[in-house]
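Student: Given chain L, put chain C in place with the hints provided.
Line by line, the protein sequences give chains L and C. Just so we're aligned, residue 1 is where the first sequence starts under the UniProt record's numbering, counting upward by one. Just so we're aligned, residue 1 is where the second sequence starts under the UniProt record's numbering, counting upward by one.
Source of the hints: derived by calculation from the structure; they are not laboratory data. Bear in mind that the values here come from a model prediction, so they are computed numbers and not experimental data. Keep in mind that a hint or two might mislead.
[Stated by the list, open to error] Selected chain L positions facing chain C (in silico; Cβ < 8 Å):
1) 43
2) 101
3) 156
4) 267
[Said to hold, decoys possible] Not close to chain L: a few residues of chain C, all C-beta gaps over 10 Å, as computed:
5) 84
6) 112
7) 180
8) 193
9) 247
[To be verified] Have a look at the derived ranges for each label pair, beta carbon to beta carbon:
10) L/319 / C/117: 45 to 53 Å
11) C/12 / L/310: 54 to 62 Å
12) L/137 / C/90: 57 to 65 Å
13) C/84 / L/269: 38 to 46 Å
14) L/59 / C/271: 36 to 44 Å
15) C/21 / L/154: 55 to 63 Å
16) C/160 / L/59: 17 to 25 Å
17) C/97 / L/318: 26 to 34 Å
18) L/301 / C/160: 27 to 35 Å
19) L/68 / C/206: 46 to 54 Å
20) L/137 / C/289: 21 to 29 Å
21) L/125 / C/32: 26 to 34 Å
Virtual Cβ for every residue (Gly too), placed ideally from N, Cα, C.
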Amino acid sequence: MTALLDVRDLVTVFPSGGRDLRAVDEVSFSVNRGEVLGLVGESGSGKSVTGFSLMGLVDAPGRIASGQILFDGDDLAKASPEAMRSLRGRRIAMVFQDPMMTLNPVLRIGTQMTETLHAHERIGKPEARARARDALAQVGIPSPEERLDAYPHEFSGGMRQRVAIAIALLHRPDLIIADEPTTALDVTIQSQIISEFQALTERQGTAVIWITHDLAIVSGLADRIAVMYGGRIVETGPIAEVLTAPKHPYTRGLIRSVPSENSRGARLAQIPGVTPSLAHMPQGCAFRSRCQRADAACAQRPGAYGSDSCWHRCFHPHEEALT
Amino acid sequence: MTLLSLEGITRRFGSTPDLAARIAIRLGAAKPPPVVQALDGVSLDIAEGEVVGLVGESGCGKSTLGRIAAGILPASEGTIRWKGRDRATLQGRARRDAELAAQMIFQNPMAALNPRMNVEALVAEAPQIHGMISGGKGAYVDDYLRKAGFDPEMKRRYPHQFSGGQRARANIARALAVQPEFLVCDESVAALDVSIQAQILNLFMDLREQLGLTYLFVSHDLGVVEHISDRVAIMYLGRIVEEAPVAEVFARPNHPYTQQLLAEVPRIRPGKRRFSAVKGELPSPLNPPKGCHFHPRCAFATERCRIEVPKMRQIAPGHRSACHLNDVA
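Chain L with its partners taken away, still in its complex shape (with noise of 0.2 Å):
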């Protein structure tokens, strides 16, 4: 079975001070039918920019430098604006962190649903508004057909994620990128959000890469996770491997300093240092400034080690399980 989503070497950079910042640095990943990937990574690690150079949403001065977006056997990358428009909201679509600002404040939702199904589908007005309805009756809002005319300021936060996950699955896309969505919730709120999404996605068979900070959301939600770390993908896998063997040091500090029932009154593992920006990224592996197993070697960049589909970029990995 060929990948749903196939990226290849992608590079999305921004012009500054006269040489170009790479933000998104060689990644690859792909993403089957049906599949949820977990995009892990600290601000600034390039995972949202990643999420967006596959939407074709990366404002200029930036852009995709290189690299290949296969989605469904076409490359993204290289697609026409008008490819790109019909692409998206119909097949891949994306939730973003604040629904405060993807939702129009002086539109009624409803407006703003049927606009979204009339852009791709050639439907009459009373057929569009059922639908709407029905997607927000999915999604656990109350009373949908009155809601339809309410606007987003009437509603509270976590229903406004609600009526924007409603809108990102009107059109049943293959592929939902969700970035943060649940990151500015409460915890009841979010695990009610996250249990919609994923009974929604599971019907529909969406594939989902959802781009977070946050291990252990994604270690129950995702199949596979790829850890992002100053621009680059330096370890991925399925979810069990990573997470209980971690063999990049990065992906293995980022484990343990989430503070966890058994850590309780001890101190946290901590990665020394900050990140650093991407202006004085470390030539060859950009982790090694704050790796305690960084030596000579890794002033090279290291390549993908281990199998196709489990692999990480180190030169000293880590082999035994975390304990």
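Tutor: For chain C alone, coordinates are given in the frame of chain L:
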């Protein structure tokens, strides 16, 4: 020994109507302005050297309680005792000392640090005004910057030149510089990346040991609270619903809200699972439900829960909970 004791704290927010509006209300021509009951008779004791975690969802009043404990917001009703003495009755030097001894560390250091002052000036400002620095300020500031893990070499720089983690450290140094005994941390690590968050949490633990600090740690992140606290208080819509030592509350949560909240603690456990959740949303504090505030979302609610406000009762040593279900057993 109890360092800070909050007793029956109530806090209301709302506009005070002017004369014309008051007349209009009296004549029935206008409705009285809405009042938000942010805190409703909250009591909490904090012992010396203790770390108390205050947990709840947005809008439950945890930040308001934190601000009242830190002394930067007055309570509408209730008594606050500092080392056994009513803080409202303190005068002169005793009052100043009590106020300086309680400091607050805010969520967003960029908003808490004046962008036009460099780090040295920011840290030195308060202790200079209060006459705590004798001689040059340089050594004094360096000392506190080092305590917070901030390189004193960089103290001439301005807040915007630092990363989030360094700003958090500068902010901590600023609070420490007036030699407090009690720190209120209001979501102090919420905005930080995981790897930086671990550094700052370790710093809080180190400082507690070195300086014998007491913390009130306000957070929505149960993982963080579980890690750092000795005791946890759980708030729902302006009331504390449960309070217990941290191990006890995570092992034997009593209140239905606590039970549901703890079920949602995100943990790193590989393997797909079904996410499920508390039904419904947090009601508006403008118009809270009668009786137990949690009853509309509670699976065990009875008729009594809709009418009568449950009282805080001891259910095990050091473990208090406000739920009618405890009366049946």
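Student: For every hint, state whether the structure bears it out.
Tutor: Results of checking the hints against the structure:
1. About 6 Å separates the beta-carbon of residue 43 of chain L from the nearest beta-carbon of chain C, less than 8 Å, and the hint is met.
2. A cut of 8 Å between beta carbons decides the hint on residue 101 of chain L: the least distance to chain C is about 18 Å, and the hint is violated.
3. For the restraint placing residue 156 of chain L at the interface with chain C, the shortest Cβ-Cβ distance is roughly 6 Å, inside the 8 Å limit, so the hint holds.
4. The interface hint given for residue 267 of chain L is met, as the beta carbon of that residue sits about 5 Å from the closest beta carbon of chain C, less than 8 Å.
5. The claim that residue 84 of chain C lies off the interface holds: its Cβ sits roughly 28 Å from the closest Cβ of chain L, which is beyond the 10 Å cut-off.
6. Listed as a non-interface residue, residue 112 of chain C keeps its Cβ farther than 10 Å from every Cβ of chain L; the least gap is roughly 20 Å.
7. Distance check for residue 180 of chain C against chain L: the nearest CB is about 23 Å away, which clears 10 Å, and the non-interface claim stands.
8. Some Cβ of chain L comes within 10 Å of the Cβ of residue 193 of chain C; the nearest lies about 4 Å off, and the non-interface call is violated.
9. The beta carbon of residue 247 of chain C is not kept farther than 10 Å from every beta carbon of chain L, the shortest such distance being approximately 7 Å.
10. Against the hinted window of 45 to 53 Å, the Cβ-Cβ separation of residue 319 of chain L and residue 117 of chain C comes to about 50 Å, which satisfies the hint.
11. Checked against the hint of 54 to 62 Å, the C-beta distance between residue 12 of chain C and residue 310 of chain L comes to roughly 57 Å, which is consistent with it.
12. Evaluation of the 57 to 65 Å hint for residue 137 of chain L and residue 90 of chain C yields a pass: the beta carbon distance comes to about 58 Å.
13. A hinted range of 38 to 46 Å holds for the C-beta pair residue 84 of chain C and residue 269 of chain L, which are about 40 Å apart.
14. The hinted window of 36 to 44 Å between residue 59 of chain L and residue 271 of chain C holds, with their beta carbons roughly 38 Å apart.
15. Hint check: residue 21 of chain C to residue 154 of chain L, Cβ distance near 27 Å, so the stated range 55 to 63 Å is violated.
16. A beta carbon spacing of about 23 Å between residue 160 of chain C and residue 59 of chain L agrees with the range 17 to 25 Å that was offered as a hint.
17. Distance hint for residue 97 of chain C and residue 318 of chain L: a CB-CB separation of about 52 Å, inconsistent with the stated range 26 to 34 Å.
18. Between residue 301 of chain L and residue 160 of chain C, the C-beta spacing of about 33 Å keeps the proposed range 27 to 35 Å intact.
19. The hinted window of 46 to 54 Å between residue 68 of chain L and residue 206 of chain C holds, with their beta carbons roughly 49 Å apart.
20. The beta-carbon spacing between residue 137 of chain L and residue 289 of chain C, approximately 25 Å, falls within the hinted interval of 21 to 29 Å.
21. A C-beta distance of roughly 44 Å is found between residue 125 of chain L and residue 32 of chain C, which places it outside the suggested range of 26 to 34 Å.
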